[in-house]
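Going down the list, the sequences are from chains A and B. Residue numbers are given in the numbering used here: position 176 of the first sequence equals residue 176, and the series is strictly consecutive. Residue numbers are given in the numbering used here: position 8 of the second sequence equals residue 8, and the series is strictly consecutive.
Please note: incorrect hints may appear among the correct ones.
[Unchecked claim] Quick list of in silico lysine to aspartate or glutamate cross-link-like pairs, DMTMM-like style, CA-CA up to 25 Å: (1) B:K96 x A:D161; (2) A:K30 x A:E108; (3) A:K160 x B:E216; (4) B:K18 x A:E176; (5) B:K58 x B:D82; (6) A:K90 x B:E153; (7) B:K18 x A:D62; (8) B:K10 x A:E180; (9) A:K132 x A:D96; (10) B:K18 x A:E52; (11) B:K90 x A:E176; (12) A:K109 x A:D187; (13) B:K171 x A:E177; (14) A:K90 x A:E108; (15) B:K171 x A:E108; (16) A:K160 x B:E125; (17) A:K30 x A:D62; (18) A:K90 x B:D82.
[Claimed, not checked] Covered stretches of chain A (chain B as the covering partner; in silico rule of three or more C-beta atoms under 8 Å from a C-beta of chain B): (19) 120 to 130; (20) 140 to 146; (21) 154 to 162; (22) 165 to 175.
[Stated by the list, open to error] In silico negatives: residues of chain A with every beta carbon more than 10 Å from chain B: (23) D11; (24) F21; (25) E31; (26) K32; (27) W34; (28) K35; (29) Q47; (30) D50; (31) E88; (32) I91; (33) I97; (34) S133; (35) P200; (36) H201.
Calculated directly from the structure, the hints in this document are not laboratory data. No residue lacks a Cβ here, since even glycine has one placed at the ideal position from N, Cα and C.
Below, each chain spelled out in residue letters.
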Amino acid sequence: MIYALTPENRDLYRHFVEQQFQLRHSIFVKEKGWKEFERQSVYEMDQYDDEEAIYLLAVEEDRVFAGFRLYPTVRSHMLSSAFPQLVEGKIPQGPDILEWSRIFIVREKRDSGVYYELGSAMHEFCFARNIKSVTAVIQMARLAVMRNAGFAVRPLGLPKDIGGQPFLAVQVAVREEALEAVRRAGDIQGPVIVNDIPAPHRP
Amino acid sequence: MLKSDCRFWKTALEFTEKCSALTDVSEIAAAFSGAVMPLGFEHFAITRDFFRREGFSKAALATDWPAGWYEQYVAGGFYAVDPVVSRNRKSTNPFKWTDVLPECRDNARASSVMQIAASEFRLREGVCIPIHNLHGVEGGVCLGGENVDVSTESIHFLHLVGIFAATQMAKAVSSSRQELTIVLSHREREVISWAATGKTAVETAACMNLAVSTVEKQIASAMHKLRSRTKAQAVAVALAEGHISV
Numbered sequence: 001m002i003y004a005l006t007p008e009n010r011d012l013y014r015h016f017v018e019q020q021f022q023l024r025h026s027i028f029v030k031e032k033g034w035k036e037f038e039r040q041s042v043y044e045m046d047q048y049d050d051e052e053a054i055y056l057l058a059v060e061e062d063r064v065f066a067g068f069r070l071y072p073t074v075r076s077h078m079l080s081s082a083f084p085q086l087v088e089g090k091i092p093q094g095p096d097i098l099e100w101s102r103i104f105i106v107r108e109k110r111d112s113g114v115y116y117e118l119g120s121a122m123h124e125f126c127f128a129r130n131i132k133s134v135t136a137v138i139q140m141a142r143l144a145v146m147r148n149a150g151f152a153v154r155p156l157g158l159p160k161d162i163g164g165q166p167f168l169a170v171q172v173a174v175r176e177e178a179l180e181a182v183r184r185a186g187d188i189q190g191p192v193i194v195n196d197i198p199a200p201h202r203p
Numbered sequence: 001m002l003k004s005d006c007r008f009w010k011t012a013l014e015f016t017e018k019c020s021a022l023t024d025v026s027e028i029a030a031a032f033s034g035a036v037m038p039l040g041f042e043h044f045a046i047t048r049d050f051f052r053r054e055g056f057s058k059a060a061l062a063t064d065w066p067a068g069w070y071e072q073y074v075a076g077g078f079y080a081v082d083p084v085v086s087r088n089r090k091s092t093n094p095f096k097w098t099d100v101l102p103e104c105r106d107n108a109r110a111s112s113v114m115q116i117a118a119s120e121f122r123l124r125e126g127v128c129i130p131i132h133n134l135h136g137v138e139g140g141v142c143l144g145g146e147n148v149d150v151s152t153e154s155i156h157f158l159h160l161v162g163i164f165a166a167t168q169m170a171k172a173v174s175s176s177r178q179e180l181t182i183v184l185s186h187r188e189r190e191v192i193s194w195a196a197t198g199k200t201a202v203e204t205a206a207c208m209n210l211a212v213s214t215v216e217k218q219i220a221s222a223m224h225k226l227r228s229r230t231k232a233q234a235v236a237v238a239l240a241e242g243h244i245s246v
């Protein structure tokens, strides 16, 4: 089951957020070597883990084991501040576009269908919040996986090498048929988000 | 900061949009060869299931290889010893055929596959793009030609369009039984199109700025793929099956 943690309900799930930063540390810092995001030797965090960040976390017996982050593109975000060179033309930004990042699955669960559950959760959440698309920076090796899973992926530029690996900026349209395809690929019967998604606060 | 070469990006954008709407393997293959031909890539093979040991014709989705090369590759069991295939199984990122040459030095069979491709079928240089699933490499896109652009930009472009072509083909065949689709190459389609307008091989050679012998070879290869005994029959089959239009 997947919990949607938004700025409006995050206080209810503080322990999941904390676990997430620890898991991200073991995956992104220890496995992938992203040293610059290490915090207090046990967490992985960056400047976008702020009060506006949304987390979708997969939980089993009170333990987080997978998840991802969504972040408003109307603010400065990864694609606009760190990777604008990956985008040809204008960077897609707007109240109905979120940035999709920090997708992680603990090692023991990577062979299971968790990837599809996360993909379903992304679509479900976006439908609930009237989000039309998400942007993301992905490793090229992920592109075929996303296409095969049924995501409506559009490239935003040509791939470029970052740290010796080819990366691509993509925009993923949130569509009913894409959600159906991802559910079929993962043999998922219905909604995966278990909590109520709160309405967004308006400043 | 200077952004990408506009030509590459424009072609990639057009191809990825067009490709995502196609549902037929031959159509996807034709669009793909049209997108990569300007870079000198005359032939390709798209393979889905790399780990099938039954051989190339069971593992591949589509190819436009010259007729003689395909037959020789299958009959000679080249798939099992092709160093490009074995490198692809272990690769995360695209690589050039010349990158595998050092591995061929003490492997006579691997080395002969590369030599026959280069000397007899003008497949001198190429690029291979591994296609991944959740567990690792699952297939690949292999492209080659006589005089090809293997610059970093070109390889990035091929990486993007290659993944779109391969995944779209996989989707197209997922509902039907997997069967290798052999399509006409870009050049073969061109010579047959000229033949359809009544041009002789000599006239076609002048139009395409090629040697007459090259045109004749392309026609022979197209006839073979279209299972035709004459040029006229090949034109008729190509029109009927939608390989060319007038």
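Exercise. Hints broken by the structure, by number, lowest first?
Worked result: Of the numbered hints given earlier, those the structure breaks are 3, 7, 8, 10, 11, 14, 15, 18, 19 and 31, listed in rising order.
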